[in-house]
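**Q** What follows is each chain in one-letter form.
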Amino acid sequence: MALRDETRMLLESMDRLFQDKCTKQIVDAAEKGAFPTDLWRAVGETGVPLAALPESAGGADAEWSDLYYVLRVAGRYAAPIPLAETMLAGWIAAAAGLELTDAPMTVGPVRADDKLTLQRDGNGWRLTGRASRLPYARFAEQIILVADGPDGEMAVALQAPESADKTEGRNMASEPRDTLTFSGLRLAADAAAPLRGGTSRAGLYRRGALARAAMMSGALERAMDLAVTYAQERQQFGRPISKFQAVQQNLAVLAGQTAAAIAAANLGIEALSTNDPQAEEFAVAIAKTRVGDAATLAGEIAHQVHGAIGFTQEYALQLATRRLWSWREEFGTDAEWAARLGRLVCARGPEALWPTLTAA
Amino acid sequence: MAVPTFRFDPVALPPEATALRTEVRAFIKQHQHLMGFTRSGFDRDFSRAMGQRGWIGMTWPKQYGGHERSSFERYVMIEEMLVAGAPLSAHYTGDRQSGPNILRFGTEEQKQFFLPKIAAGELTFCIGMSEPNSGSDLAGTRTRAVKLDGGYRINGSKLWTSNAHRSDYAILFCKMAQEGQPDPDRHAGATQFLLPLKSPGIEIRPVRNLLGEHHFNEIFLTDVFVPDWLLLGKAGNGWNQVTSELAFERSAPDRFLVFFQVLCEMLRMAGPNPDRATAAALGRLVAQLATLRSMSLSIAGMLQEGLQPNNESAVVKDLGTRYEQDIPVAARQLFPTEPELEAADLYTSMIARATMNAPRLSIQGGTREILRGIIARGLGLR
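As you go down the protein sequences, you meet chains A and B in turn.
Just so we're aligned, residue 325 is where the first sequence starts under our numbering, counting upward by one.
Just so we're aligned, residue 2 is where the second sequence starts under our numbering, counting upward by one.
The hints are simulated quantities; they were obtained by calculation from the structure and are not laboratory data.
Among the clues, some could well be false.
Said to hold, decoys possible - Covered stretches of chain B (in silico footprint by chain A; criterion: 3 or more residues with CB under 8 Å from a CB of chain A, positions within the stretch not fixed): (1) 107–121; (2) 265–275; (3) 313–326; (4) 367–374.
Cβ atoms here follow ideal geometry from the backbone N, Cα and C, with glycine treated the same way.
Using the sequences and the accompanying hints, generate a full structural model.
**A** Written out as structure tokens, the structure is:
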């Protein structure tokens, strides 16, 4: 089963959009602190950020898998926008019946060790706890958080200015990662609602991890594209370095790791349509683990092939590799997901391994 | 993107493949006493039983004894058999590559003679490619055929021929003897024959591997006469044909399921509640395996579309052998033992077998370096 024609057309048009609007200059400017408003507007006009939501919530009932394939394209171009975060914020908020716009949003918690608590206060709420390293929080017009309420997990919608205590940070790719701390922030009654529609904090973490895996598979495509092209252009010892077997063998490994990363990310993406949290957990663990492993090895080779030029700010390789090194740690490192996967298969026992692998 | 990328589309197995899986698992259960961690199990009775079930030559036309089933069904049948450690050796080469190459290049007479017998599990083929001085450099073959009246006279030798001592035929790769100076084209004159191994002039000698087992052989051919009708395809077209045969060889899922049972034993050793480091090490292996399987399914999908996924197959074999060779390395770090082939403890004997078998995986069917060369060519680098 190849990708559906509609999916292919969507991906081609998104590729053109990013190629046009997400140039190295735009990414460089974003890394210096300017939000790429034009890029966000252009992406917003496609409807992609909220497309997975039901029409009643302003979406288009699109397949989640299609949107995750779009995230690969965004990763290819190092798109410095909270696209995955807005998709996931929309998913949580729309299911809970909270109001939404197509402005940039972010979502959290993104780290497993953060804790947020929601307590009743008159006819409103009080929010306490910490949400660390929220992507793009400083640019988000709405922040959707999952907090522990008195009767279970709840979605909380914060308008950005409310965010009390904010510590700005960034990852190695200079993408904003801001920590919000709340000590009893007062919220109106309609700012929080119980989670619905199969959403959960665990689900958010899982889909966030898969978003990073999809984006990394795109960044790997970019790194490979640059390395193979560069090796054919760069002349040393009187010929292109691509003619040396040592370089060829390295590039073959890079291509293999990139292919494996795409296949692993696809495996996770296709599991989204099972609507089975356990199957999704298993597939996402495979994806985040395998893509993370690929990123480590492939990033190393892409740099080795480029020599010194790849280590400069001027050349685009670093746009891909700094993101690979950052994203592989977000929403759980590959080591963390590998341990989850290992515990899962061990708990089921050796006889269940093959049936589990072939269940899909 | 300017650079060609390899194609690994996600594939969902069709319902008939899932139904077949249930059937195959039941069959394996019935034959449980024949299953084991050897893969080199050679059992003609088992092969005949598989032939009777219609599980050899599954995708071939019915008129040649095949069953016209999909590449996905064949994929499912093979992966179940490999994981169980079924004794496939008596028919595996014929099913995987000799039969398909006969189907592609053979005459009508050859197809009618060979294919139904292979599909019935009654005819065993082995591979006649490597020679003492021609391993990765297959074009350097020194075995020569000379045209005679009614046939060919062949002289030379073949090496590393698995199961030659218990096979019926080999697909022999050689060259037609050239007049005068050697041709500048190294592929010129290359030719394949369907060689009956009982022919006069053939001597088969064992070459024991480092486990002390007899799988390899050296085949000596001294003035062996092969009748005209056993020429496969066209004289001189052998390079093209052998490339096709290797593509069949490399596209099978047997490049990452050889040590599956070792992985299961590692899970058993870890128990239901392992520490974080152990869980992570096992999780990494499972993630690699699941990814390889998904890539291999994509290849089955391309075969089903009638495509020749040569580059993709090289990628999967390269990644697959790396993963397999990592298994005994991970095992000795997580669950140390002093490996012994004859140990009563299953894990201990498996680790001995896996450790000693590991080196062959990235050599047979194309060395790691050759595969990476193929991938590099696919990238447009050569």
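**Q** With reference to the structure, classify each hint as holding or not holding.
**A** For each hint, the structure was consulted:
Counting residues of the segment 107–121 of chain B whose CB lies closer than 8 Å to any CB of chain A gives 0, so the stated coverage by that chain is violated, three being the minimum. Only residues whose beta carbon comes within less than 8 Å of a beta carbon in chain A count, and the segment 265–275 of chain B has 9; three or more means the coverage holds. Requiring three or more residues with a Cβ within less than 8 Å of a Cβ of chain A, the coverage given for the segment 313–326 of chain B holds, as 4 such residues are present. With a threshold of 8 Å between beta carbons, the proposed coverage of the segment 367–374 of chain B by chain A holds, since 4 of its residues qualify and at least three are required.
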